[in-house]
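> Each protein sequence line maps, in turn, to chains A and B.
The first sequence maps to residues 1 to 672 in UniProt numbering.
The second sequence maps to residues 1 to 255 in UniProt numbering.
Among the hints, erroneous ones may be present.
As the list claims (entries may be wrong) - Facing chain A, from chain B, some residues (calculated, C-beta under 7 Å):
1. ASN53
2. ASP59
3. ILE66
4. GLU78
5. ARG85
6. ASN97
Treat the hints as calculated values from the structure; they're not laboratory data.
All residues carry an ideal CB built from backbone N, CA and C; glycine is no exception.
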Amino acid sequence: MNFFSLALNNIKKKFGTYLIYLISTTFAVTIFSIFCSIYFNPQFSSYRFGAGKITVLFSAAAIAIIGFSSIFVMYSNNIFVKTRKKEIAIYSLMGMKKSQIGRMMFYENIMMGLIATACGAILGVVFSRFFAMILLKLMADGTAVTFSIQWEAVITTVMVFLILFTISSLNAYRTIYRYKLIELLSAEKEGEKTPKYSVVGGMLSIVLIIMGYITAMVMNVNEGGIKLMIPALMILVCIILGTFLLFKNFIPMVMVALKKKQGFYYKTENIISISQIVYRIKANSRMLCMIAITCAVAVTMMSATFSMYKALESTVPYYSPFSYMCKNIDDEKLNEMLEVVKQTGEVNVTSTNQFKIIKVQLQNSTYSTETDNNPGMIVDGYIISQSTYQSIIRDTNVETGTFNNLKTDFNMDLKDGEGYFLDGNVKKDYCKNLTGSVMNLQFDNACAGFDIVGVSLHKYIGFMDSYLRPTIVINDATYSQYLEQAAPDDVVSFTGMMFDNPAGSENTVAALNRIVPENPVSNSVMGIANLSYISVYKSIFSMYGAYVFIGLFIGILFLLASGSIIYYKQIIEAHEEVNRYELLKKLGMNKAEIKRSISKQLGIVFGLSLTVGLLHSTFALLTYNRMMDLGAKEQHTMLNAGIIVGIYILIYCCFYLLSVNSYMRIAWGREK
Amino acid sequence: MPVLKVSDVKKVYGSTQGGSVSTALNGVSFEIEQGEFVGIMGPSGAGKSTLLNVIATIDTVTAGEISIGGQDICRIKEPELSDFRRSKLGFIFQDYNLLDTLTLKENIALPLILSKKSLKEIEAAVKNVSAELGIGDILGKYPYEVSGGQRQRASAARAIVNSPELILADEPTGALDSKSSKDLLQCMQRLNEKNQATIMLVTHDAFAASFCKRIIFIKDGVLFMEIFNTGTRKEFFDKILKVLSSLGGDNSELF
Numbered sequence: 001m002n003f004f005s006l007a008l009n010n011i012k013k014k015f016g017t018y019l020i021y022l023i024s025t026t027f028a029v030t031i032f033s034i035f036c037s038i039y040f041n042p043q044f045s046s047y048r049f050g051a052g053k054i055t056v057l058f059s060a061a062a063i064a065i066i067g068f069s070s071i072f073v074m075y076s077n078n079i080f081v082k083t084r085k086k087e088i089a090i091y092s093l094m095g096m097k098k099s100q101i102g103r104m105m106f107y108e109n110i111m112m113g114l115i116a117t118a119c120g121a122i123l124g125v126v127f128s129r130f131f132a133m134i135l136l137k138l139m140a141d142g143t144a145v146t147f148s149i150q151w152e153a154v155i156t157t158v159m160v161f162l163i164l165f166t167i168s169s170l171n172a173y174r175t176i177y178r179y180k181l182i183e184l185l186s187a188e189k190e191g192e193k194t195p196k197y198s199v200v201g202g203m204l205s206i207v208l209i210i211m212g213y214i215t216a217m218v219m220n221v222n223e224g225g226i227k228l229m230i231p232a233l234m235i236l237v238c239i240i241l242g243t244f245l246l247f248k249n250f251i252p253m254v255m256v257a258l259k260k261k262q263g264f265y266y267k268t269e270n271i272i273s274i275s276q277i278v279y280r281i282k283a284n285s286r287m288l289c290m291i292a293i294t295c296a297v298a299v300t301m302m303s304a305t306f307s308m309y310k311a312l313e314s315t316v317p318y319y320s321p322f323s324y325m326c327k328n329i330d331d332e333k334l335n336e337m338l339e340v341v342k343q344t345g346e347v348n349v350t351s352t353n354q355f356k357i358i359k360v361q362l363q364n365s366t367y368s369t370e371t372d373n374n375p376g377m378i379v380d381g382y383i384i385s386q387s388t389y390q391s392i393i394r395d396t397n398v399e400t401g402t403f404n405n406l407k408t409d410f411n412m413d414l415k416d417g418e419g420y421f422l423d424g425n426v427k428k429d430y431c432k433n434l435t436g437s438v439m440n441l442q443f444d445n446a447c448a449g450f451d452i453v454g455v456s457l458h459k460y461i462g463f464m465d466s467y468l469r470p471t472i473v474i475n476d477a478t479y480s481q482y483l484e485q486a487a488p489d490d491v492v493s494f495t496g497m498m499f500d501n502p503a504g505s506e507n508t509v510a511a512l513n514r515i516v517p518e519n520p521v522s523n524s525v526m527g528i529a530n531l532s533y534i535s536v537y538k539s540i541f542s543m544y545g546a547y548v549f550i551g552l553f554i555g556i557l558f559l560l561a562s563g564s565i566i567y568y569k570q571i572i573e574a575h576e577e578v579n580r581y582e583l584l585k586k587l588g589m590n591k592a593e594i595k596r597s598i599s600k601q602l603g604i605v606f607g608l609s610l611t612v613g614l615l616h617s618t619f620a621l622l623t624y625n626r627m628m629d630l631g632a633k634e635q636h637t638m639l640n641a642g643i644i645v646g647i648y649i650l651i652y653c654c655f656y657l658l659s660v661n662s663y664m665r666i667a668w669g670r671e672k
Numbered sequence: 001m002p003v004l005k006v007s008d009v010k011k012v013y014g015s016t017q018g019g020s021v022s023t024a025l026n027g028v029s030f031e032i033e034q035g036e037f038v039g040i041m042g043p044s045g046a047g048k049s050t051l052l053n054v055i056a057t058i059d060t061v062t063a064g065e066i067s068i069g070g071q072d073i074c075r076i077k078e079p080e081l082s083d084f085r086r087s088k089l090g091f092i093f094q095d096y097n098l099l100d101t102l103t104l105k106e107n108i109a110l111p112l113i114l115s116k117k118s119l120k121e122i123e124a125a126v127k128n129v130s131a132e133l134g135i136g137d138i139l140g141k142y143p144y145e146v147s148g149g150q151r152q153r154a155s156a157a158r159a160i161v162n163s164p165e166l167i168l169a170d171e172p173t174g175a176l177d178s179k180s181s182k183d184l185l186q187c188m189q190r191l192n193e194k195n196q197a198t199i200m201l202v203t204h205d206a207f208a209a210s211f212c213k214r215i216i217f218i219k220d221g222v223l224f225m226e227i228f229n230t231g232t233r234k235e236f237f238d239k240i241l242k243v244l245s246s247l248g249g250d251n252s253e254l255f
C-alpha cells in the first residue's frame, strides 16, 4: 500500500463524502462545457467575431461563466480540503512525510478533478444539443442546423478545468505545509468564534443599501455611456458592500437581540436553531452575501430577459399587424393564394381583408413628421374609410388604448367633415393636442378641412408603409366621393390575411412569396411588396434572441449555482454537527423536534438570502422598467418578473427541502 | 541516557497574532528514563497539554530544548521529522484519532506500512499487539463499528506496534467508562512492565495516574512536585489526592 493506493482507497471508501464534491464540480464543468459548445458552434461564429453588442454580450457571458466556474471549483475544493485536515494530521503523526501527504492529497484531488472533467465534458456535449436547439428557436433562425460535437469546445473545457483542478490540487498539496500540525489536528474542534459585530457596520449596511436603492430610483436612465456607468457602478458597490455588511453585522445584531428575548429564545427549537445560526454566522456571512447577490443577479437577469422576450413578441404586430400582407392583388390572385395556403397545410386562414387607401396631402399648423420636425409642413398621408378601418381593427384584434402604436380607441360614427387622425409618428408629441383642431386635406388641387375628433398612434398597416405616414379616417360617404375622383395611381389596395397560428406559418409564407410579385407593378412610393408576421418575428428574434438566451442561460446558471453552493455548505455543516445532534438526541429531543429545528435553521439561511436577493432585484427591475421605452412598459415587467420569481422560489424551495432532508439524514444518523 | 530530556522549555502563545500574550510553559525541566511510566498532572490550564504537544512535535517551543533518544527534536526538520515520529513516537489520544476509512487492522498497521515493512512483519506485529490488548477478534471492523474502549485499545495498539522509544498518551481514559479505563490502564501497565515500554501519560484523573510509577505535577507552567509509587496502587492513589488538594486545584470532581 503506497500513498497513491491510499488515495485511491480513500476515494473508494469515503465515496459518499467525495460524491458531493464530485457532483458539484461536475456541474460546474457541465455548465462551462455547454456554454463552450454554443460559443464555438460555427452557426454562431458571427456573434463571436462581430463588432455588435451581441459579441460584447457573448464575451461578457463567457467571462462570467469562467469566473463562476473558478470560484465554484475553488470554493468546493476549500471546503473539501477542510474536511480532510484532521486526517492529514493523523497521517503526519503516524510519520508520513509531508511530501508524501502532499502528494497523496494532490493525487486524490487531481483524480476527482479528472473524473469531474470527463463527466462534465460528456454531459456538456449531450446537453449542449438541447440548449443549442433552444437558442436557435429563440433566434427563430429556422434553418436546419447540423449538431456536431464541437472539438474546440471540448478541448477548451478540458484545458480550462485541467488548469483549474491542477491549481486546486496544488492548493490541497500545500495544506500540510501551510498549517501547523496542531492547527490541523484541532481543525474540527475549532468552532467559529462567537459573532463579533459592530453596530456601526450594521447601521452602515442599511445606509449603503438604501443609498443604492435611492440612486437606482432617481438615476437618469436616458443617459448613455459613461453617464450611465457612473451611477450604475455606484449602485453596484453600495449594494454589494451593503449586503456583505448586512450579513456580517446587522443579521448577527438581530440574532443576538432575539437571543436576549428569553421568552422567545427558550423554546425547544428556537434555542437550537438560533444558537446554531449565531454560532455559524461568521463563516456563513460571506456565503449568505454571495447567495443573496447571485440570487439578485439571477432573478433580475431572468425577469428582464423574460419580459424582453414578451415585449419583443408583442411588438411584432407593430411591424406586421396581419399574418400576411401584400399589395395590389386581384380576386383571381387571391383565390390562388388561398389555394396555396390550403395546399401547404400548415395554417388556416381565419380572415381575409382586401382594402384600399387613397394618397393625399395633409397639413396642420402644429403637426409635423418626427423626422422633419417642421410644424405646419405639408405631409404625405392617406385617407381610409371608417368601415375599412373598423374591419382592420376587427381582423387584427386590436386592443383599446390611447396613444399607443398597437392600440386604438376608435369606436365612433364620423359625421361629414369629421376625421379621426392616425398618426404615423412613433411618439405622441405631435398629435396629443390635435383633437379639436382642423386638418387640411389637399387632393386633386382641392382643399378641405376635417375636424379632428380623435387621434391614435395605431399602425394599422405596419411597415407596409415604411415611411410611417399619417392617415385620416373619414366616413364612408365622403370616402367614396374621393375614391371616384382618384386616379388609379392614387389608390393603393392591400390584402391582409390572418392565420390561426402565424408563428408557425414559415412554409406558407415562403410559398405565398413565390406567387406574390416581389416588385408591384404600380410605381407606388410605398414600402415593400409583402410583409408577414413570421418574417418580422424572425428578424426581430434573430437580432435579440441571443440576448434572451444568454440572459436566461446565465440566470439559470446562477440559480443552480446559488442553490448548489448553499446545499453543499449545509451538508458540510451537517457533518460537523453530527456530534451535537447526537447529544441532543441523548438529551431527549425526538426526531420531529430535531427536524423542526433543522427546518427552521435552514429556513433562516435560505430565507434570508432569498429575501435580500429578491429585494435587490425588485429595485433593479424597477430601474430596468424605467429604462424600457413606452412599448415595453405596456408589457408589465413586474408581472413577468412575478412569474419568474414564482418559478425561482419554487426551484429554491426544492433546494431547501433537499437540504433539510440531507441534513436530517446526516444529523439523525443511523437508527441504532 | 534518558529517553526524554526536557530542559527549561518555555511556550508563549499569542505574540505572533499581536493579541494578548499568555505563557503556557515557563521553564519546565525533567527527564524520563527507559522503561518508566510517568504521569503528568496538574489543574486545568497548568500547561499539561501544551507540554505533551511540544514533546509530540505537534507544536513548537518558544525557548528551551527537548531531546528524545538523544536527538534534539526542536531542531529536526522535514522529512527527518516524519521518520523520527514514525520510529520513535507512539500516540494515544483522548478522541482516538483513528481513520474511519480504514479497518482497525489497517489503522494499527499504518505506522508499519509507512515504514515499508514486509507483509509478514506487519501481520506478525499486528497479531502480537492486538492479542496483547485483547482486540484480536475485531480487527476486521471499522472504528465506528466498535465501542469506545475497543477504539482506544486499537489506538494504543497502533501506538506501540512499531515499538517506539516513547509512548505519549493524552487523557486516554477521558472518554471511557471506568471498566474500559481500567482495562486500558492495565494494558498499558503490562506493556510497561513486560515490554519495558516507556510511557508518558497526561491526565487529570487521579485513578488513571495511580497506575504510573512516577508523577510530575505542574502548575502555572512550572514544575511543582514529583512523587513516586513506592507501595500499593491504593496508597499511591491517596498520595496523589493529597498533592492535588495541596495544589489548590478543585478536586471535588474526584469524589
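> Indicate, hint by hint, whether the structure satisfies it.
Okay, the hints, checked on the actual structure:
no. : hint  : in the structure
1   : ASN53 : 6 Å, holds
2   : ASP59 : 5 Å, holds
3   : ILE66 : 15 Å, violated
4   : GLU78 : 5 Å, holds
5   : ARG85 : 4 Å, holds
6   : ASN97 : 5 Å, holds
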